[in-house]
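*Asks:* Letter by letter, the chains look like this.
There are 2 protein chains.
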Amino acid sequence: MRKLTCIATMFLVAATMMAQNVKKSFTLNDLLSGGSTFWNLQPEYMYSTWWGDVPLELTVDQVSRIASDGSSDEVLFTAQDLNDILGEKLVRSCTSLSFPYADQSVVKLQTARELVLIDFQKKTVVWRGSLAEGASELTWNPVSRNLAYCIGSNVWVQTSDGQRIQVTMDGNDDVVYGHSVSRDEFGISSGLFWSPDGQRLAYYKKDQSRIPSYPQVDITQRISQTTFDKYPMAGEESEDVCVGIFDVSTQKSLWLNNPKPQTDYMTNLSWAPDSRKLYVFELNRDQDFMQLFGYDALSGQKDASPVLEERHPKYVEPLHTLSFLPWDATKAVMQTRRDNWNHLYLIDLAKNSYPEWHQAEGGGTFCDHVAVRLLTPGDFEVRDFLGFNNKEKSVVFVGNVTHPLRATIHQAPLSGKGKMKQLSADDGVHSATLSATGAQLIDTYSSPTVPRSVCLTTLKSGKSVNLLTASDPWAEYNVPEISSGSIKAADGTTDLYYRLIKPVNFDSTKKYPTVVYVYGGPHAHNVQASRGYWFRGWEIYMAQLGYVIFVLDNRGSQYRGLRFEQSTFRHLGEEEMKDQLCGVEFLKSLPYVDANRLGVHGWSYGGFMTTNLMCTYPEVFKVGVAGGPVIDWKYYEVMYGERYMDRPEQNPDGYARCSLLPKAKNLQGRLQIIFGYNDPTCVPQHTLSFIRACIDAGTQPDLFTYPGDGHNMFGTDQIHLHERITRYFEDYLKTAQ
Amino acid sequence: MRKLTCIATMFLVAATMMAQNVKKSFTLNDLLSGGSTFWNLQPEYMYSTWWGDVPLELTVDQVSRIASDGSSDEVLFTAQDLNDILGEKLVRSCTSLSFPYADQSVVKLQTARELVLIDFQKKTVVWRGSLAEGASELTWNPVSRNLAYCIGSNVWVQTSDGQRIQVTMDGNDDVVYGHSVSRDEFGISSGLFWSPDGQRLAYYKKDQSRIPSYPQVDITQRISQTTFDKYPMAGEESEDVCVGIFDVSTQKSLWLNNPKPQTDYMTNLSWAPDSRKLYVFELNRDQDFMQLFGYDALSGQKDASPVLEERHPKYVEPLHTLSFLPWDATKAVMQTRRDNWNHLYLIDLAKNSYPEWHQAEGGGTFCDHVAVRLLTPGDFEVRDFLGFNNKEKSVVFVGNVTHPLRATIHQAPLSGKGKMKQLSADDGVHSATLSATGAQLIDTYSSPTVPRSVCLTTLKSGKSVNLLTASDPWAEYNVPEISSGSIKAADGTTDLYYRLIKPVNFDSTKKYPTVVYVYGGPHAHNVQASRGYWFRGWEIYMAQLGYVIFVLDNRGSQYRGLRFEQSTFRHLGEEEMKDQLCGVEFLKSLPYVDANRLGVHGWSYGGFMTTNLMCTYPEVFKVGVAGGPVIDWKYYEVMYGERYMDRPEQNPDGYARCSLLPKAKNLQGRLQIIFGYNDPTCVPQHTLSFIRACIDAGTQPDLFTYPGDGHNMFGTDQIHLHERITRYFEDYLKTAQ
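First to last, the sequence lines map onto chains A and B. With numbering that gives the first Met the number 0 as the guide, the letters of the first sequence map in order to residues 0 to 736. With numbering that gives the first Met the number 0 as the guide, the letters of the second sequence map in order to residues 0 to 736.
Be a bit skeptical, because a hint or two may be false.
Pairs count within a copy or across copies, as identical chains cannot be separated in the list.
[As the list claims (entries may be wrong)] With a straight-line cut-off of 30 angstroms between C-alpha atoms, the simulated BS3-like cross-links for lysine-lysine are:
(1) Lys259 x Lys88
(2) Lys664 x Lys23
(3) Lys107 x Lys23
(4) Lys510 x Lys733
(5) Lys276 x Lys509
(6) Lys459 x Lys390
(7) Lys510 x Lys487
(8) Lys420 x Lys88
(9) Lys390 x Lys23
(10) Lys733 x Lys487
(11) Lys22 x Lys251
(12) Lys330 x Lys392
(13) Lys88 x Lys23
(14) Lys390 x Lys416
(15) Lys276 x Lys487
(16) Lys509 x Lys733
(17) Lys107 x Lys420
(18) Lys23 x Lys330
Treat the hints as calculated values from the structure; they're not laboratory data.
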């Protein structure tokens with residue numbers, strides 16, 4: 000029904016970045032975030048925040064009010080002012096200050112040792128809360144000023160008057176309270192959740208005693224020592240999760256009374272505005288059946304029936320909490336891809352609906368027990384829900400409404416009457432923060448031709464004032480031409496978008512070695528209509544060295560809807576590779592691409608893709624560099640892995656076909672695999688098993704590892720890594736016959 | 000005093016191996032012992048053994064007596080004969096049979112399940128002894144027919160009538176009985192020692208509870224698992240060793256009453272012929288003070304005074320047991336390098352000597368409490384003590400008497416009167432087995448021009464009959480020219496010997512890339528006057544690919560005396576590298592060596608040398624491949640490491656200077672380090688620490704690992720490894736500028 004509105008042709012017009020004459024060249028330090036000179040060469044940035052509906056600009060030295068004309072001459076206070084009030088120099092920069100109360104002239108400061116509230120008009124310290132030594136997972140509630148945190152595996156609460164209460168007692172390496180669960184999948188990133196009034200604390204309990212431990216070797220000790228990461232591999236024993244609620248007034252905890260297996264997932268905990276009810280998205284281990292349930296926060300009792308239910312023959316993936324309407328506690332906004340696209344829906348909890356199962360556009364079924372209504376119709380994805388405009392009774396969001404590669408800002412009425420309204424420029428990729436009542440927003444964006452621009456937009460009028468237009472930080476550099484366009488996927492119908500970078504000092508009569516950079520997995524994309532089409536710095540470096548760089552978001556990647564993503568279900572890698580081969584066919588059509596000198600590089604899922612491409616199409620790719628690859632999905636974790644592959648016993652054929660171990664024998668070109676020696680995500684067993692398989696098969700991959708590093712390299716290690724990757728292509732691809 | 004008789008000049012004449020015309024080329028499978036075709040291309044071999052003084056030839060099918068004319072027509076028995084006697088097919092090959100009794104027609108067969116004695120004349124089974132399931136360290140005494148063995152960490156004895164007695168009860172992972180101790184240093188290779196009469200069993204107890212465990216990761220499990228190797232690193236806690244004696248008749252054990260610290264070494268346990276006394280070489284942890292003590296085997300009481308003592312400011316290294324004269328239980332032969340060269344000495348235990356400390360030629364001091372007399376004077380080393388000639392009252396040994404690179408067979412009188420007598424051809428490297436009374440020996444040797452030759456020599460007459468002269472197995476192959484010669488060491492005076500291999504189809508007008516293969520450490524040498532100067536198969540492969548190969552035994556290496564070896568004491572690597580650089584200077588003098596394309600390769604100590612050379616002389620070596628290297632001696636084991644380096648706290652400067660970690664920053668050329676992922680000898684911490692140091696310093700080594708392999712690679716992994724090593728030189732050295 001909903002078709003992708005393809006306006007890709009405009010991207011075929013190359014968006015050349017600064018093609019001037021006598022220019023500097025980049026070093027890797029200039030181009031990578033770990034580099035010493037990287038930040039000097041980034042577009043100018045502006046720190047801003049909201050004090051209620053008042054926009055503020057934050058600098059190191061001061062906080063200023065942004066006027067309606069965009070000027071920020073009115074200084075609210077300086078760092079020196081705050082330090083004078085405090086009587087000591089605690090504020091070193093104003094850029095991380097926040098303003099928790101719309102109606103009070105109070106600024107919040109967090110230091111390593113305490114939280115401080117300062118009234119910057121009355122010039123007094125309003126409140127101080129010390130931070131316990133060794134505390135992690137700090138979560139503060141501005142209404143009650145209660146603070147929750149963890150010491151090791153136990154939860155503590157510190158009340159606003161400084162009383163410290165140990166909430167859980169028996170936490171240890173196996174039983175962990177108050178931390179994120181489910182390996183941060185399903186949108187989970189924390190384990191402590193204050194009720195709106197700050198009097199009740201919901202917290203996760205994770206029992207991981209049955210999960211085997213993966214050994215990680217620390218070579219920096221006098222004699223190498225092993226630490227053990229609890230790592231649930233696909234199909235194996237996983238964690239048990241439940242949710243407790245601690246009541247600060249009674250100092251008692253209770254457990255949500257959920258009769259489902261504790262191996263089910265409990266995600267996106269959402270407090271009702273009255274702090275008496277907690278909503279939980281519940282998902283079975285198979286990840287094909289989701290129910291949203293409410294729990295009484297005072298008794299732990301589960302509601303008799305769910306709010307809504309979703310099933311899908313592939314998978315359901317709840318990723319977002321409920322957002323209750325600020326003016327109506329009976330209604331909330333949720334996100335789901337039930338209709339293929341990720342959209343906002345209004346849930347009317349007070350309005351029961353006869354529970355019937357319906358077929359959904361996304362290929363699954365749903366059953367709503369209350370009234371649920373789509374707010375954001377259209378063939379696009381909501382990328383970010385920004386909040387509500389209280390006055391106009393609307394939702395505000397970022398979505399790829401105007402083009403799959405763009406992210407623009409829109410407003411949709413909650414009433415269901417009236418049209419969506421666009422609140423940003425048509426092009427580019429926007430992010431925004433909304434003021435307290437949603438009257439205004441600060442919109443930061445870039446596009447292929449705009450390095451960075453910030454504006455203040457008033458929603459009612461739709462008018463914007465510019466706050467910042469960054470100049471091109473690369474004006475003095477010899478920058479390669481970066482363009483984008485679309486090709487058809489291997490299914491013959493789906494549009495896929497690419498980024499193409501031509502070598503610096505491009506000569507159309509030459510043939511260049513060409514490197515495909517690939518990720519290819521779900522929940523990520525590599526091409527969008529932001530600055531330089533979202534280039535990665537290393538690509539610029541390679542273009543300087545005379546390479547064509549090509550990046551294609553294949554089916555399975557992000558922001559293209561559920562069907563697009565789920566085309567890879569139970570056979571990860573196969574459709575993705577077919578699409579990448581369409582990319583190769585496109586490259587071969589370009590007269591300046593040397594099809595005999597094709598390389599490929601990717602990390603993580605992209606390492607899986609790179610290794611897979613090298614072993615599946617040895618006649619296509621001469622040289623590959625794979626980082627931190629998945630080699631066999633049975634070595635990957637339960638939560639992510641079983642979503643896309645099911646459990647090994649459910650999908651033995653898929654696991655066998657998608658394993659790279661049997662493909663080790665096919666390796667012909669030069670493949671270097673690089674991994675963090677202490678990678679807790681794609682554990683070293685992946686790479687080492689592949690190396691063993693190659694040895695047994697008599698093929699010769701190359702290998703490198705970063706002792707002490709995890710799944711990615713940062714800082715100087717990142718520079719070293721990219722020198723290494725570059726050298727490999729220089730050694731073997733540039734001179735390949 | 001004793002000077003090296005240098006006759007090296009003759010080796011300067013190239014010993015070209017088979018320079019014919021239309022020839023085959025080798026594969027790595029032809030040249031490496033792990034290769035599928037390796038054994039087809041080895042010189043013919045002959046299995047032989049002794050039945051008392053009767054020489055026997057063993058083949059798969061039969062055992063024949065070797066006549067005095069060298070023929071072996073007289074078949075003693077066939078495998079079929081034995082199987083007929085046994086009534087089942089237990090004998091599949093006769094090559095591993097032995098003849099434990101000089102005066103009985105009894106052959107000993109060992110199967111997986113039992114020991115069997117068969118009278119091959121009477122055609123009867125004389126005795127059978129079953130082997131307990133899971134038994135290791137099997138040690139059988141032919142006199143009593145008692146059998147000792149270990150089950151796990153405990154010692155058991157099985158008497159000749161089949162009774163099984165558990166000798167130790169509390170063995171476990173920490174406390175280990177009956178196994179080798181001191182990590183097989185000091186000549187130790189077993190932990191069970193029968194007295195000559197087979198009624199008393201001496202055994203080691205090793206308490207390793209204080210030794211930290213090195214984690215080794217097994218990636219073949221469903222989820223990687225760790226096993227822990229007890230690994231005592233230099234300067235750290237080590238093992239406690241003591242010696243027990245079990246008396247079979249009383250079924251009781253006692254401990255040798257040694258008041259010294261149990262961290263001292265107790266080595267080379269030697270039973271007196273009367274089975275009532277056990278001699279032990281005792282060495283302090285500092286390894287600079289050795290005492291030979293006798294213990295009463297019935298009481299465990301230590302003798303009041305030692306037999307002899309040796310001290311050395313560097314180290315003393317007892318490596319050999321006592322050998323008592325078969326006809327005089329008061330006298331024994333020992334080996335020591337006290338006078339610089341490893342020589343045989345006669346100890347007269349019955350003849351006390353006033354204990355005075357004397358300065359020794361080897362740089363140390365000694366104090367003999369009984370009469371001790373040198374038996375083998377001369378500037379050479381005894382390489383192997385073969386035994387006694389009972390009739391002539393002499394010792395028979397292999398030594399580099401005629402040239403440092405040779406190993407010839409000699410006889411020396413025990414009386415001290417008369418001269419040594421040479422029992423073998425002058426050239427080549429000989430090994431031999433002596434008959435029961437020493438009347439005859441079977442001498443197997445090769446030389447640069449003789450692939451393999453076996454002869455039977457009668458000691459009295461000195462006459463030999465040829466048993467086998469192997470033809471050249473490589474007659475059909477294009478074999479490179481292999482030569483040897485000597486250069487001066489960096490000290491300006493010491494002769495060092497090298498092997499030089501020229502490329503196949505050598506053209507003297509060309510300049511060739513050249514690879515130095517190096518080991519360089521103590522207790523090993525690489526050049527000797529055996530077939531092809533003891534080439535390694537890979538060198539032939541490289542010569543085929545157009546490389547010059549050069550191998551030099553630097554100071555510190557084997558069979559050149561104590562001072563030669565100890566020149567490296569407390570600063571391992573430094574003198575060795577200086578000598579290797581003398582080798583490079585020599586190479587530069589050769590018109591066909593391309594000094595701009597020098598590579599280096601070595602394993603273990605040679606991996607240390609390779610990495611060290613690459614980082615110390617980056618302007619000399621372009622490409623290196625280092626295998627299983629030591630990187631920092633503090634990560635190496637106590638026994639070997641502290642001998643040469645002392646403990647880190649005693650020699651902090653030496654450890655710092657000899658560590659390669661600070662040199663990581665100097666790396667310029669291409670260096671690939673390869674290690675067994677489960678190496679228990681040079682633990683992976685060495686290589687990984689170096690890789691980390693390189694990353695931190697911004698240098699770029701290459702890396703590979705063999706998961707599941709230890710310190711060396713065997714079978715197909717060995718082939719894979721050498722393909723890999725070769726490819727690296729092909730990639731980077733051949734085309735280097």
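*Asks:* Against each hint, give a clear statement of whether it holds in the structure.
*Replies:* Right, here's what the structure says about each hint:
1. Lys259 x Lys88: For Lys259 and Lys88, the Cα distance exceeds 30 angstroms both inside one copy (53 angstroms) and across copies (64 angstroms).
2. Lys664 x Lys23: Cα proximity of Lys664 and Lys23: across copies only (29 angstroms, versus 45 angstroms in one copy).
3. Lys107 x Lys23: So Lys107 and Lys23 fail the 30 angstroms test inside a copy (44 angstroms) and across (83 angstroms) alike.
4. Lys510 x Lys733: both (11 angstroms within a copy, 27 angstroms between copies)
5. Lys276 x Lys509: neither (67 angstroms within a copy, 87 angstroms between copies)
6. Lys459 x Lys390: within (9 angstroms within a copy, 119 angstroms between copies)
7. Lys510 x Lys487: Answer is within; shortest intra-copy Cα gap is 24 angstroms, inter-copy 55 angstroms.
8. Lys420 x Lys88: Neither. Shortest intra-copy (46 angstroms) and inter-copy (92 angstroms) distances fail the 30 angstroms Cα cut-off.
9. Lys390 x Lys23: Result: close neither inside a copy nor across copies, 52 angstroms intra and 91 angstroms inter.
10. Lys733 x Lys487: within (29 angstroms within a copy, 45 angstroms between copies)
11. Lys22 x Lys251: neither (67 angstroms within a copy, 90 angstroms between copies)
12. Lys330 x Lys392: For Lys330 and Lys392, the Cα distance is within 30 angstroms only inside one copy (12 angstroms; across copies 109 angstroms).
13. Lys88 x Lys23: Result: close neither inside a copy nor across copies, 42 angstroms intra and 83 angstroms inter.
14. Lys390 x Lys416: This pair counts as within: shortest intra-copy Cα distance 15 angstroms, inter-copy 120 angstroms.
15. Lys276 x Lys487: neither (48 angstroms within a copy, 89 angstroms between copies)
16. Lys509 x Lys733: The answer is both: 13 angstroms in one copy and 29 angstroms across copies each meet 30 angstroms.
17. Lys107 x Lys420: Neither: 34 angstroms inside a chain and 97 angstroms across chains, both beyond 30 angstroms.
18. Lys23 x Lys330: neither (57 angstroms within a copy, 86 angstroms between copies)
Of the hints listed earlier, those the structure fails to meet are numbers 1, 3, 5, 8, 9, 11, 13, 15, 17, 18, in rising order.
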